[in-house]
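Hey, can you work out the whole structure from these sequences and the hints?
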Amino acid sequence: MVNTAGKPNQEVGRASPRAAANEGASLRVTSVTKDFPAPDHPEVRVLALQDVSLALAAGELVSIVGPSGCGKSTLLRLIAGLDSPNSGELWVGNERITAPSAERGLVFQDPNLFPWLTVRKNIQSGLRARRLLKEKRHEVDEFMRLVGLESFANAFPHHLSGGMAQRVALARALINHPKVLLLDEPLGALDAFTRMRMQDEVLRLWQDRRTTMLLVTHDIDEAIYMSDRIVIMTPRPGRIERIIDVPLPRPRQRNSPEFLKLRSDILEHLHFGGEQRTDSGAVGTPRPTTAPQVPSATTTVEIPEKLDTQVIIIGGGPAGSTLGAYLAKAGIDHIILDQAVHPRPHVGESLVCSTTRIFEEIDFLKSMEQEKFVHKHGAVWTHWSDSTEHVIRFREIPELGLTQTYTYHVDRGRFDQLLLKHAARQGSRVIEGARVEKIEFGPDGSATGVRVAKNGVPSSLRCKLVVDASGRSTVLGSQLRLKRNDSLFDQFAVHNWFEGVERGNSETADFIHIHVLNLPRAWVWFIPINKTVSSVGIVTKGADFPKGNESVKEFFDRYIASHPALAHKMAKARPLHEFTREGNYSYVMDRLVGDGWLLVGDAARFVDPVFSSGVSVAMESAKRAADAIITALKSNDVRAAAFVDYERTMRTGLDIWREFILLYYQLPPLFFDLISRPESRSQLTRLLQGDVYDRATVPILSKMRQVIKTVAADFAHPWRSQLAEVLAQTK
Amino acid sequence: MTSPSLEHSTKSVERASSRAEENADAANQERLAGTLAPPSPARLKMRLRTILAVPMAALVAFVIHFFVSKNQPTLETKLYFVLLAAIFLSALLGTILQMAWPSTRKWLKHISPIIAATILLLALWDLITTGFHLLPLPYFPGPAAVLQSLINDRQLLLESAGNSLLLLLSGYAIGVVIALIAGICIGWFNQARYWGMPLLKVVGPIPATAWVPLAMVIAPSPRFSAIGLIALAVWFPVTMLTASGISNTRASYLDVARTLGASRAYLIFRVAIPAAMPSIFIGLFMGLGTSFLTLIVAETVGVKSGLGWYVSWAQGWAEYGKVYAALVIMAAFFSTIMTILFKVRDRVLGWQKGVIKW
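Heads up: the protein sequence lines correspond to chains W and V, in order.
Numbered according to the working numbering, the first sequence terminates at residue 749, and the numbering increases by one at each position without gaps.
Numbered according to the working numbering, the second sequence terminates at residue 498, and the numbering increases by one at each position without gaps.
Do not rely on the hints blindly, as some may be mistaken.
Said to hold, decoys possible - Some, not all, of what chain W presents toward chain V, calculated at C-beta under 10 Å: (1) Ala117; (2) Pro118; (3) Leu124; (4) Leu200.
Derived from the structure by calculation, the hints contain no laboratory data.
We put the CB at the ideal spot given by N, CA and C, even for glycine.
So this is what it looks like as structure tokens:
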């Protein structure tokens, strides 16, 4: 700009008043979630922002682009303090944002000038609101000059053109010397020429004053022309998809090759992002999204100012608790940080046999029995086309080294709580209601600790090793941007607990019942939670999920009514809660381990839990992570190399799960056929018991792949019509 | 009630805006200039017809009265002749004046036809009553008789008007103050809205005059009861429209003010109230209308002075000339007050000029 080297800002002729005193402030948004009631269904909450984290350095200019409905404006309103988030925190400098403040100016697309005030009075309204008009009256003239409106001082807003009005709105926000200026498509309504002029004016203001600016725009050129970084958001729910650096020097050329390259990259990305999500219609959030931030009875340890521990585990779900129990057994000092306050609801209520071994190892099996969780001896599959029950009994193939031939159905709220308590009894230090803001890294790139906030009080915890067991919050994966979409399964679930479900004959009554519906990838689960209560859920393709006017309950009832066997089971059933719906955003992380950190459970990867794999994956990965950590800490080397074996094992196991699920969905009749044959049946049972880790080959999967290939090639094949076309992208 | 100058400037804005290109600053400057520049004098050349309308009408009235008033008392007749002559002369004077002083032209041009028509109406009335005796006496005296009553009883009429004014202003002022406070509270605070709105909706629509029996029992004097009734009559529309104006304040104005660091007091007094002003003024006008009605009713039933009282008193004596004289005074009196309120509105809502058409 005009700012000549060595001269302080104040002396620049036309530049802003007192620019030097007006440095911007840094801005931090951590895992912010915000929902609103849907316009026509107030009982359904629409997720406007999901787990959005963003940090702006002081004096940075960052743009947010994205299609409408991606929560851009909501985010700005949250930063302005006009709304408050359901969860997550927002900070300006060292201050938590709780209410609007003159430190954070906001300019809307509509200038929103007060029509009853003249231009001059509009500009000075900020001073008047803060009762500073008398002492700072002289600044009003400077600001009118700044935006070039001296001659319109006494005109009323409706006499101004769009560009002039927007300049007044800018001046009105700037006169408060905000540390952060939020611009919500301020130039959106202007014609192309005025807009380009205004872009230069805003840039000039920014360069003079070093205000931190966050600009929401739908104009990609504008974003590239103006900002240091571009945040791309995707809708339903609003999330940050990607953040792109704009390394071009200023002033920028709108038609330079670098500019155009960046532009086409972003366009492509947005297009791609849009395609991915076209058929995921569900926008509702499954359950109350806020975990009450109150200290609970089980909280034992307050966060100390600074605390050295060996390992910090983020998340107190099955993965975190199991890992804690293993580490406690090995005498390794660690802390489990849990954001939620127990008990909390969760899906994945049926376990597989492989978890039994882990329960034994961490001395939890007795508690499982004491708690009288329902024994799960097997699974029953039924298909819409006939009434045959395909039964798998776990006792047929006992899990190696185990005498117990059953596993459990659990109330996850209760189960998770028990497991975490168990870990605490074993020696884990558990901090509940602690929100992880950020994992901190040292100069050498290895994790050194965690920034947490409890009841709004932030603090730092130092440790050697950070384990992310935060489940689908994927704290570390999001921070390091390791997360990749893996949406082969665009599945959604609607579920509830019922009383009075008909459980059928006594031998298989406590089995998990899975009924395959006459719709692509659609099925129903029946899980007995205790003597009277059953969990019933419908899983279906996102595209078949209720949209428009159909309520979740109507959708559920319609599916149940679609088959007589289901209708019979549910004839006397009475729902116990509100229906919950759950979207499946299957994902995978680029890396599962790094220097001083590793990911376990759902934080590492999430796949469709059709075969009750959820808890098993969590606990198996925790067990293996514990082994790796114990070894690594012994040799005092926690670099990524120490955990490569863990990563390889987990990837192999999860790949097998994933492929099994994929093949299962691809040709349902094949699965039923294989179950009914003794030789393949035992192999399937092994898989369904959770024996997927430490295996070099899985012959049954090769066999399934082969059959599918044959069916795909043979157009006359009786199963041909049931072959799923969408899953052709198998590796 | 559009004032001529305002109407003109609105037109010129429209004209200018059709030319001006949207969003272009230069064009806008021009548009702004268009609003402020004086209208060109060339288009205001007065035609002969306009100039002569008033003198001719006065002349016609004069002649008619000359013929119809042959059998009338001379005192009555004389006064009316004097009035018509005065009109004739001032019209001529006005014509001369506008030649020397062009700025009066526009106003004269606007007002002349209305004055002329009024004079002709008077002449017609003269013809019907005094001339052909088509309407029964004493209920329908001629204009000359009314004029004479007006002049003769001017002392009492003036006094009555003064008393009415006092009643009206005190009642109106009290009603407006209470209504504004109530309306702002109901519009802004949810608690006040919850409790106040049902009261307003149930009690408000009862016409204030229906409270007369009760008011006469409760109030220490008829004067107090009249003031109370007028205040009550004003209270309902002003509260209702203030509350609705406040609660309909555009949320984005409030959002903007909050991000500028506004306190609650600022939000109420500097954002919500100015934004509600157009609505509040509608309430004030409605309240003024009902307050006139209530004033007259209150005066006829209790108070022993004022224009309402004067009308019923004159009627008691069958002096219909005086009744009409009082009506003339009322017309002047009420329309003056109304005009004053319009002027106040023009001033307070000056920012709306060019946004809406009044």
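Comparing the hints with the structure gives:
no.	hint	in the structure
1	Ala117	holds, 8 Å
2	Pro118	holds, 4 Å
3	Leu124	holds, 4 Å
4	Leu200	holds, 8 Å
In the structure shown, no violation is registered for any of the earlier numbered hints.
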